[in-house]
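**Student:** Here's the letter readout for the chains.
Protein chains: 2
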Amino acid sequence: MPPETTDKRRLRGARTRGMVLRQAVDLASLDSLEGLSFGRLASDTGLSKAGIQTLFGTKEALQLATIDRAREMFTGAVVQPARQAPHGAARLRALTEHWIDYATAPLFAGGCFRVANLAEYDSRPGPIRDALVRDQDDWRNLLSRELRHAISAGEIVDQDAELAAFHLDAVLCAANTGLRLGDTGVVDKIRRTVEDVLAAPPG
Amino acid sequence: MPPETTDKRRLRGARTRGMVLRQAVDLASLDSLEGLSFGRLASDTGLSKAGIQTLFGTKEALQLATIDRAREMFTGAVVQPARQAPHGAARLRALTEHWIDYATAPLFAGGCFRVANLAEYDSRPGPIRDALVRDQDDWRNLLSRELRHAISAGEIVDQDAELAAFHLDAVLCAANTGLRLGDTGVVDKIRRTVEDVLAAPPG
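Chains F and V, in that order, are what the protein sequence lines are. Under the working numbering, read the first sequence as residues 37 to 239, first letter to last. Under the working numbering, read the second sequence as residues 37 to 239, first letter to last.
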């Protein structure tokens, strides 16, 4: 087989995969990963069910690929752009503002991908729950690292960084639900929470 | 028809209804209200599908009755026992401790009923979402009323009671997910959050 044909086929496969996964993250953010099926994705994208099945193999492989795609999109929308801000309080403010855009625009049709899915999978041990928990841990660890930066730089009041990261994340998750319900007042609640956590030490 | 027969029939209907709903709240806390079906409840309870369908009519009526039953059970396990404590900081501590029991024991097989379902219904307007939001509003309003009590009694630092109630509830919801994942360290995080919110004014 001439190399161009193989390359073209690979490119077409990657493009199809991308198209299916873009649809899958939206569906999973609205209805949860459990609702994903090759048939539903075929009818939503206009591709053949057999073709999609060949690309992913099993439903679980599709679900895990969807989680990875959502993670990449979240990182691209929230984590990477915040890297322009210096470590510590400035980075935390940037992360929060990009998170607010992520949840209000929203990047995924059903809002925060992790909130939509972890509530469904938290009682079901297995690779899907593990992948969602890995994303949650990475996000909270990122927040607590920046909090420790801010504390050791003397930018903010000394506090338990892990507990503060848990708080911040809890408020973001609750605000995500509020946004889905049309309560835009939660954006102000997020900003006030962040400013409480990032209060400068007295004197 | 003699009155005893009608009474007996009514009693049997109520008992069956109670049995079905007890199973339904567990299922809905694990898999969400969307996963409820007359067929599944029939096979789980050993009752006839037709009999259950006659009792509830439509799937939506069954879902709404399940929300009401979960609300009654939550009120009985968390809100009512806390009424023994005086209004304000003591009542808030009692509510928190009963909530911790509710989520750790747990009262429902899948943990907090609202967290399990609101994440699924937050993007779907309709009577089910409305009922879940009503429960969330009532719970947060209860917390903020007790916070205002504690503030006006001078028990705790003056603060925005509505924002503090949002925080407390956000931390409880995040802790519920942690508990489902086997992270018992979240109980300590709840207690420390509550003590931060309930800190006495200086002097």
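Some hints here could point you the wrong way.
For chains that are exact copies, the list does not tell them apart, and a pair is met inside one copy or across any two.
Unchecked claim - Below, simulated DMTMM-like cross-link-like pairs (lysine to aspartate or glutamate); rule was C-alpha separation at most 25 Å, straight line:
id, residue 1, residue 2
1, K225, D166
2, K225, D104
3, K95, D196
4, K85, E133
5, K44, D62
6, K225, D194
7, K225, D171
8, K44, E191
9, K85, D205
10, K85, D104
11, K95, D137
12, K225, D43
Keep in mind that the hints were calculated from the coordinates and are not lab data.
**Student:** Each hint needs a verdict: does it hold in this structure or not?
**Tutor:** Checked hints:
1. Only between protomers do K225 and D166 lie at most 25 Å apart by alpha-carbon distance; the minimum there is 22 Å, versus 30 Å within a single protomer.
2. In the homo-oligomer, the alpha carbons of K225 and D104 never lie at most 25 Å apart, since the shortest distance is 30 Å inside one protomer and 29 Å across protomers.
3. Taking CA atoms no more than 25 Å apart as the test, K95 paired with D196 passes in neither setting, with 41 Å inside one copy and 47 Å between copies.
4. With identical chains, the CA atoms of K85 and E133 are never at most 25 Å apart, being 39 Å at best within one copy and 51 Å at best between copies.
5. Taking the closest pair of Cα atoms, K44 and D62 never come within 25 Å of each other, the shortest separation being 27 Å inside a single copy and 51 Å across copies.
6. With identical chains, the CA atoms of K225 and D194 are at most 25 Å apart both within one copy (22 Å) and between copies (17 Å).
7. Proximity of K225 and D171 under a CA criterion of 25 Å is satisfied in both settings, with 24 Å inside one chain copy and 20 Å between copies.
8. Proximity of K44 to E191 under the C-alpha cut-off of 25 Å is found in neither arrangement, the shortest distances being 53 Å within a copy and 71 Å between copies.
9. In this homomeric assembly, K85 and D205 never come within 25 Å of each other (Cα to Cα): the closest approach is 38 Å inside a single copy and 43 Å across copies.
10. In this homomeric assembly, K85 and D104 come within 25 Å of each other (Cα to Cα) only inside a single copy, at 21 Å, whereas the closest approach across copies is 41 Å.
11. In the homo-oligomer, the alpha carbons of K95 and D137 never lie at most 25 Å apart, since the shortest distance is 31 Å inside one protomer and 36 Å across protomers.
12. Within a single copy, K225 and D43 get their C-alpha atoms no closer than 50 Å, and across copies no closer than 53 Å, so neither meets the 25 Å cut-off.
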